[in-house]
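Dock chain one against chain two, each of which comes alone in its own frame, and use the hints as you go.
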Amino acid sequence: MPAATRVRWAVIAVTSVALAATGCSSSKSSGSGGGSGGGVVKAWWGDPQNPLEPANTNEVNGGAVENMIFAGLVQYDPKTSAASNANADSITSSDQQNWTVKLKPGWKFSDGTTVTAKSYVDAWNYGALSTNKQVNASFFQYIQGFNDVAPATGSPTAQTMSGLKVVDDNTFTVALTQKFSTWPQTLGYTAYYPLPATFFSDHAGYLDKPVGNGPYKIQSYTRSQQMQLVPNPDYSGTNKPKNGGINLVVYTDPNAAYSDLQSGALDIDNTLSTTALKTLANGPSGGRFLNTPAGIIQTVSFPLYQSNWSTDKAKLVRQGISMAIDRPTIVKTIFTNTRTPATDWTSPVLGASGGFKDGLCGDLCTYNPTKAKQLIEQGGGIPGGQLTISYNADGGHKDWVDATCNSINQALGNNKACVGNPIGTFADFRNQVAGKKMTGAFRTGWQMDYPLIQDFLQPVYTTDGSSNDSHYSNPQFDAQVNKANAEPDQATSVSAFQDAEKMLVTDVPAIPLWYQNGTVAWSSRVNNVMLDPFSVPVYTEVTVS
Amino acid sequence: MGRYVLRRLLQMIPVFIGTTFLIFVMVHALGDPVNALFGDRAPDPAVAAQIRAQYNLNDPLWLQYLKYMGKLFQWDFGTTFSGQTVTSQLASAYPVTLRLTAVAFVIEVVFGIGLGLLSGLRRGRVADNSVLILTLVVISIPTFVTGYVLQYLVGVKWGILPATVGFDVTFKSLILPGLVLASVSLAYVARLTRTTVAENSKADYVRTAVAKGLPRRRVVINHLLRNSLIPVVTFLGTDLGALMGGALVTERIFNIHGVGYTLYQGIVRQSTNTVVGFVTILVIVFLLANLLVDLLYAVLDPRIRYA
Numbered sequence: 001m002p003a004a005t006r007v008r009w010a011v012i013a014v015t016s017v018a019l020a021a022t023g024c025s026s027s028k029s030s031g032s033g034g035g036s037g038g039g040v041v042k043a044w045w046g047d048p049q050n051p052l053e054p055a056n057t058n059e060v061n062g063g064a065v066e067n068m069i070f071a072g073l074v075q076y077d078p079k080t081s082a083a084s085n086a087n088a089d090s091i092t093s094s095d096q097q098n099w100t101v102k103l104k105p106g107w108k109f110s111d112g113t114t115v116t117a118k119s120y121v122d123a124w125n126y127g128a129l130s131t132n133k134q135v136n137a138s139f140f141q142y143i144q145g146f147n148d149v150a151p152a153t154g155s156p157t158a159q160t161m162s163g164l165k166v167v168d169d170n171t172f173t174v175a176l177t178q179k180f181s182t183w184p185q186t187l188g189y190t191a192y193y194p195l196p197a198t199f200f201s202d203h204a205g206y207l208d209k210p211v212g213n214g215p216y217k218i219q220s221y222t223r224s225q226q227m228q229l230v231p232n233p234d235y236s237g238t239n240k241p242k243n244g245g246i247n248l249v250v251y252t253d254p255n256a257a258y259s260d261l262q263s264g265a266l267d268i269d270n271t272l273s274t275t276a277l278k279t280l281a282n283g284p285s286g287g288r289f290l291n292t293p294a295g296i297i298q299t300v301s302f303p304l305y306q307s308n309w310s311t312d313k314a315k316l317v318r319q320g321i322s323m324a325i326d327r328p329t330i331v332k333t334i335f336t337n338t339r340t341p342a343t344d345w346t347s348p349v350l351g352a353s354g355g356f357k358d359g360l361c362g363d364l365c366t367y368n369p370t371k372a373k374q375l376i377e378q379g380g381g382i383p384g385g386q387l388t389i390s391y392n393a394d395g396g397h398k399d400w401v402d403a404t405c406n407s408i409n410q411a412l413g414n415n416k417a418c419v420g421n422p423i424g425t426f427a428d429f430r431n432q433v434a435g436k437k438m439t440g441a442f443r444t445g446w447q448m449d450y451p452l453i454q455d456f457l458q459p460v461y462t463t464d465g466s467s468n469d470s471h472y473s474n475p476q477f478d479a480q481v482n483k484a485n486a487e488p489d490q491a492t493s494v495s496a497f498q499d500a501e502k503m504l505v506t507d508v509p510a511i512p513l514w515y516q517n518g519t520v521a522w523s524s525r526v527n528n529v530m531l532d533p534f535s536v537p538v539y540t541e542v543t544v545s
Numbered sequence: 001m002g003r004y005v006l007r008r009l010l011q012m013i014p015v016f017i018g019t020t021f022l023i024f025v026m027v028h029a030l031g032d033p034v035n036a037l038f039g040d041r042a043p044d045p046a047v048a049a050q051i052r053a054q055y056n057l058n059d060p061l062w063l064q065y066l067k068y069m070g071k072l073f074q075w076d077f078g079t080t081f082s083g084q085t086v087t088s089q090l091a092s093a094y095p096v097t098l099r100l101t102a103v104a105f106v107i108e109v110v111f112g113i114g115l116g117l118l119s120g121l122r123r124g125r126v127a128d129n130s131v132l133i134l135t136l137v138v139i140s141i142p143t144f145v146t147g148y149v150l151q152y153l154v155g156v157k158w159g160i161l162p163a164t165v166g167f168d169v170t171f172k173s174l175i176l177p178g179l180v181l182a183s184v185s186l187a188y189v190a191r192l193t194r195t196t197v198a199e200n201s202k203a204d205y206v207r208t209a210v211a212k213g214l215p216r217r218r219v220v221i222n223h224l225l226r227n228s229l230i231p232v233v234t235f236l237g238t239d240l241g242a243l244m245g246g247a248l249v250t251e252r253i254f255n256i257h258g259v260g261y262t263l264y265q266g267i268v269r270q271s272t273n274t275v276v277g278f279v280t281i282l283v284i285v286f287l288l289a290n291l292l293v294d295l296l297y298a299v300l301d302p303r304i305r306y307a
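Chains A and B are the protein sequences, given in the same order.
Start counting the first sequence at 1; every next residue gets the next number (the UniProt record's numbering).
Start counting the second sequence at 1; every next residue gets the next number (the UniProt record's numbering).
Since the hints were derived computationally from the structure, they do not count as laboratory data.
Among the clues, some could well be false.
Not close to chain B: a few residues of chain A, all C-beta gaps over 10 Å, as computed [what the hints assert, rightly or not]: (1) Ser90; (2) Thr271; (3) Thr506.
Selected chain A positions facing chain B (in silico; Cβ < 7 Å) [said to hold, decoys possible]: (4) Thr131; (5) Gly420; (6) Pro422; (7) Thr425; (8) Ala434; (9) Ser466; (10) Ser467.
Now the in silico label distances, taken between C-beta atoms and shown as ranges [claimed, not checked]: (11) A:Asn308 with B:Pro142: 41 to 49 Å; (12) B:Met12 with A:Gln141: 28 to 36 Å; (13) B:Leu288 with A:Ser466: 43 to 51 Å; (14) A:Asp358 with B:Leu136: 35 to 43 Å; (15) A:Gln141 with B:Thr238: 53 to 61 Å; (16) B:Phe16 with A:Thr153: 22 to 30 Å; (17) B:Pro60 with A:Lys437: 45 to 53 Å.
The beta-carbon is built from N, C-alpha and C at its ideal position, and this holds for glycine as well.
Only chain B is shown next, with the shape it has when bound in the complex (with noise of 0.2 Å):
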């Protein structure tokens, strides 16, 4: 286990540098910032050459992404056209995604399973269709739809819960924006959840475990749903990292300062050194998240061994 973790962490090398390196020939390739800077007016020459110089403009790509690497592994990340660090961009902005993913998951994992479960179990029947319905409609309706119809009732008609998240980060305002992020993927879970449950509910383990005569919620918690888990689990290490990198519409939305809105800004304005960074976080917690879930199947079931 130890050897197989030291392995997947050897591996994560090649796939960082690969990753960062295309980033940054993608921000590049969008051309030179600097004339952004100036509006609609033509730069002053002068001043133009100036900050073109700071920035390392004027030398070769591969140049440019070596001098970053060097700053980045002394856990300088640079700074952007404002003059903000984007140490401080990340100190800012993560903890909030990750406040907002952390809801989201819950409510994935748990109204997912949940939900997946009970319709398992009651195959065909009035629970079954009406959970296979609800979430056809959550899958087929547009993310920004979802939000925008959720914001307006529950926050703007009905005054519920507050329309907007911004500065103050309450649980309150994450509800609706984490239930918005939430909702496909609980679908997906749901659905999942519920053809492992239906097939593994005819297992021959289940049908021993009944004659046992074990207890209901014993043969359907420890027997049934644990052996159910492993496709689901897979689904939800990924997912939480899409989690996170993907909120960015549900982010605009609720007017949430995360991850997801700091790189669109950074994208819009060319800011290589905030996208780099961003993306590069958000790397290494997509290749966490990956170990984690190959390393969640051992657990969940004994069979798998890594050596």
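Extracted from the complex, chain A is given alone in its bound form (with noise of 0.2 Å):
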């Protein structure tokens, strides 16, 4: 029966296709199996959005390795927030403008190589050059130079920047183009580490295998799935690592990562589904669970390129919208307490002496429904007769956004007041917002670079901001800034930074909605973990059991 055999035969071609498939995979499975013993850690981890290079890492899961690997001259401590001198020995000026930075000598790359002044100084100059690339150019926009090696249109007229010397092996010079008296304590950004001579010489093979002065050094490292990251023993700062090292585990979906925290597979969990917060804010976490407040504010901001909305009237009618949303209840309802009602521009994580102010915005962020009404009314209502508040739809937004929506409608008693405008990528999103493209409000958020109430405000509100989105320009508020940068002493520097803050609260450009929380939950395999204010753990110092 010839039909039959053939029959036969194409049952076993698949089914044994089929095994041949699946049987190449238990040949694998006896790996490093790196999770269990040794102290090591199994952490949450997701794909890095770019190249690990610090000058082209300006998110969190770059930024977590980045942090591990590198020391910079300066450091924040996890629970204060205050800068203090990594490998930099002294940064010095007397006049605000032109630095001094000697460094702490001795200390080693991972390679063996040793950190000198030319290593920040290549590393700066490559980091700035617009042909690289990098998308931390902009940092080194206040050094000057920077205009010859990124010119807004056209190709670099030069390779380097002037503003920065090598004085000798650990000293080398800076001048900015304008007076930044707290420009040292933005120097733990990740854009200013230093890079190893290896960086220059062999980048592709530098990426595929990073190389640092930090606290960790990477072992093994395979792009989109895991790294192995294990202690530096040429690490010569503070921040010792407290365990055998950290697996960097690439995770698909919170809820996975979620699931293999409840089966023992993950030790550190600091991407939280809303799920599992529930879960872990109602029932028995065992205590292994911290939310706590991270250097993140949420806002509403204004076109005020648009005409009807830069108009002085157009003021009253922000100021009501603000005071029409019912902070309390949304961060209660729909951010089940992972978040906080705003009441400044900055966040609480700066602390007192750091700029925060708590209650700064007054009652523009107090609920006050009447007075909303008659503030809108005053102001001869919303510009177009409706408010649209645009979001990017692929970033979990939409509750919130209604949930604001909502609170406004009823304030003004009329449910068609403000709707939510979903805008499908967060690319789109943010190609209509820098476009100019937007006509009612939109959200914004602004997560900080480094602890400072300058961040804060410098960036996001003076007229040429880089992330100015609403495009608000108040001569006034330029002035106070710079005044503020140019304040040697730290304390009149912050409080003039708040005088420049209190116009916000007449102008609103963008209205405060709250701060956002760092949420972690951990095995118990592990101790002693805490978030730092930019929302990471912090890895050196988990102990495991």
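Quick look at the structure:
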């Protein structure tokens, strides 16, 4: 029966292909199994968006790694956010504009080479040069010569910034374009890390296995899957790891990570889904859950470049809208208390000495439906008759936008006063914001780069600020920010910034909504888990029991 | 037969060009990806211009497509924004999905046809009714519900199987996602088999085979089942492609770094190279699976011949 054999052949072929395909999987199972023993911590991770270069890392996943493998000039205290010298011995200036940086000698990269002044100067020049396409290039804009290496149009006319000069192995000088008294405290940001010589000589090889001078070094890295980090024996700083290493595991979905945390296959999970948060907030987490403020503020901005939003009367409308939002209720019901209602334009992680001022926003941020209605009517009603709040639909913003609109509608007694306007992707949303195409309100958020009040005000609200999405422009505000930057004394500088911030109360380019918290849950294997002000776990402090 | 295969292969060329172009256009319709790279910060104009130049984003769309296809034929799929080559993404994602698909496919074939045969032969009895109810339940529950429930019960609560797959893809860890991925198709296969088996069991040739005194096993397997498998094979063939491309939900639930997940991330990050590269391979898989199904018809039914 030839036909019958043909059938059998077909069936055998299909199953054997299937078996061969599955069979090869079992051979790989006996891998390193780094999760067990040796005090190694398995931690949640997401795939970094950009290559792992310090000046090219502006999101939390890449940032987590950069902070583990690098030590910068200064570092931030995970609890108080205070900046202290790390690799820098001193950063001094007599005029708040020309700075001399002295390094602690003898620090080493994990490949054995020494960290010198040249490591910093070369790294910064690389980061600023526009042909290197580093997303953090704008962080070097305060250094003299930035416009030559990154002109707005055309090719760079210089390869290095004129403001950077190496004096000797452990000293370099930086000339800024303006007075900037708190500049040393910004230098803990990822973009300012030094780079070893191999970065420039073997760039592709470096990206496969980055080398730094930080508490950890990379042992193995499989892109978009996992990274194994072990303590760096050459590290000279104060944050020596208290565990045997960190295994960063990339997860496809927050729920998958939470399942692994529950079944004991994961130790640290700092991307918790709403469902997981509800369980953790109410249920028995064994105290292994933390919900703590992070340096992130969420706001709603207005398109002040549109004529109907820029009038003096529209100011009243914006004030009214802010008072129509019932922040405490939304925070409780939508966010299960993982946000805190905002009362200023900064963040509680700065602390009072760093510039956070509880209640600076005053009545503007307090729910008052009658006054809200009155102010909006006084201002001639909402421009265009209806308020739209635009947001990117891929970011989980729908719930709170709808709740916010609902609150405004109830205050105004008109259920068509405010509607959410979803925009498909984050990229499209950002294109429309950057292209000044907004006609109504839109969501904005600001995650600090370094814990300074300057970072919450200057990039976001000064006339040419790099993130001034509402295109707010107030010469008095700009002047006040410059004055604050020129002030050598920390306390006076902070209060000068707060004076600038007070102008936002009447002008309302953006409505403060709430401060975002960082959340983390951990397994019973590990102890001493905390989050830094950037909502990244302090990996070096984690101990394994 | 040879000419038929050749003709089918030639037909794939326009389909291939058409689909890749459509995907290319669709990903571009999402807008400029460069702004998203800078997060909530306005991009530095100099850097943004350099990135646009690197990815040919300033060219008209048709030129971008031609440049892309030109590179594709040199086996250069381009790179993602994170600097990873798409070829290396393909090399890491496809084997994983292939294993998952294989596990799911075996489950689907063995249990689907097995249950279908059982209930087709015992029409109206308890076995038949339980299979019908069971498959109805499976079809009506969405995959992500089955996925999360099974993951919680089997993986977290009872700890029988790993809750997720992760980096070391072991056979054991693929059983659960394989079952979830196969479940809905399995139900369809069972129902399809049941109907055709029930229909054909009254056919003349079956009666003849029984009258000839052939053993029951032989009647069922060689005569009844073989003739009943044609619609099932059609379904399985198209399903093979769907399993590979449509494992998105299952892959996310069980942390499998396969095709579905990589594709999803490519779309979210608007990495045209990733999306078009992966879809290109998926299109080829679909086309080949369909060709294979058509060829299998001839094997199953001698009356079908391809000139």
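Review point. What hint numbers does the structure not satisfy?
Key: Of the numbered hints, 5, 6, 12, 14, 16, 17 do not hold.
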